[in-house]
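Protein chains in written order, with the numbering used here: chain Y, 5 to 201; chain A, 5 to 201.
None of these hints come from the bench; they were simulated from the model.
This list has only true hints and no planted wrong ones.
Same chains, same names: a pair is fine if it fits in one copy or spans any two.
Here are the computed lysine-lysine pairs in the DSS-like style, where the Cα-Cα straight-line distance is at most 25 Å:
hint, residue 1, residue 2
1, Lys173, Lys184
2, Lys176, Lys33
3, Lys148, Lys33
2 protein chains.
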Amino acid sequence: MGMDRNGSGAKPSEYLYPPELLQRLDFSKSPATFKPKISAAQPGEDWMVVRPLQRSDYDKGFLQLLSQLTSVGNVSQKQFDERFTQMKQSGGYYVTVIEDTRIAKLIGAATLTVEQKFIHNCSLRGRLEDVVVNDTYRGKQLGKLIVVTVSLLAQEVGCYKMSLDCKDKLIKFYETLGYKLEPGNSNAMNMRFDDPS
Amino acid sequence: MGMDRNGSGAKPSEYLYPPELLQRLDFSKSPATFKPKISAAQPGEDWMVVRPLQRSDYDKGFLQLLSQLTSVGNVSQKQFDERFTQMKQSGGYYVTVIEDTRIAKLIGAATLTVEQKFIHNCSLRGRLEDVVVNDTYRGKQLGKLIVVTVSLLAQEVGCYKMSLDCKDKLIKFYETLGYKLEPGNSNAMNMRFDDPS
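Please work from the sequences and hints to get the whole structure.
Given below as structure tokens:
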């Protein structure tokens with residue numbers, strides 16, 4: 005019973021956003037230094053691919069990867085599907101992943117969200133969210149790769165700026181990628197309503 | 005030529021989100037202190053109303069109000085209409101305003117944006133954006149009123165937390181409303197791509 009969504013003969017799994025967007029990113033525009041040079045189109049290993057989230061990624065360990073970052077809870081396939089559909093309908097969600105195609109598992113992820121504004125001539129503002137890399141893949145510049153990918157993507161889709169909140173220990177990392185603490189204006193504050201499960 | 009969109013006999017101007025949401029907010033849940041007590045439903049003056057952005061607010065000085073906050077540029081009525089429509093279609097945009105109904109002008113505004121997540125059981129995260137109050141209306145607690153309104157709204161629509169970025173001089177104000185700098189994790193960084201017009 006049921007269809008094998010990823011089986012041979014099935015049509016390719018639906019993308020959250022057009023994968024062509026990632027192929028045209030110009031990594032020479034980023035202040036980040038890659039040694040050796042890699043990019044979203046050429047991530048450095050032939051078994052690695054950088055691409056938008058796909059509906060089939062529930063089966064490729066997407067939530068297990070996120071749980072290395074923070075609590076995820078028990079998200080069913082149905083919940084995942086619904087959220088995927090809602091994000092796609094809303095627009096402005098660019099969840100981006102790195103897959104190890106040898107084992108069909110996701111090993112890195114970062115999200116660009118795009119907020120519509122009235123200010124600055126009805127501009128768009130990007131935000132970097134939920135960055136995670138499987139730490140058994142150290143030394144492959146994957147953290148840098150996934151962050152630079154979605155940062156260039158923000159510019160590609162027309163954002164006037166890209167923002168992030170981070171812990172103290174990550175400031176230097178993000179500075180090497182072009183992010184700045186703006187003097188007198190760099191405070192991230194939160195109000196928490198519930199203990200998330 | 006053309007219709008008077010606000011003239012007598014015209015149907016009420018379209019809201020960005022259901023105004024009923026604001027009527028049911030429980031201001032006793034906020035740690036903010038109001039003297040005298042006011043709320044979104046009872047803002048303290050009979051000529052004042054707190055409500056969602058309406059399509060007719062282009063003619064009530066919405067963009068002029070925002071220009072007290074930052075650059076807005078020359079946004080035409082068509083551009084405003086398109087952005088209003090896009091926000092409504094996307095969902096998750098709660099632009100909220102205070103009107104002085106005696107002169108049919110907006111005197112305060114703040115935006116809640118709601119971001120869909122996979123983490124924390126497919127949770128929602130709120131953000132406070134673009135807070136502005138006309139400073140000729142000092143002493144009426146309007147800054148506090150509009151921020152508490154959208155903060156309670158975030159909880160009402162199911163966000164697990166609400167976030168904001170702010171300048172150093174505003175930290176104390178936001179602390180009185182329940183926002184916190186989380187030790188070691190309160191850095192807001194930005195990368196700017198273009199000089200916005």
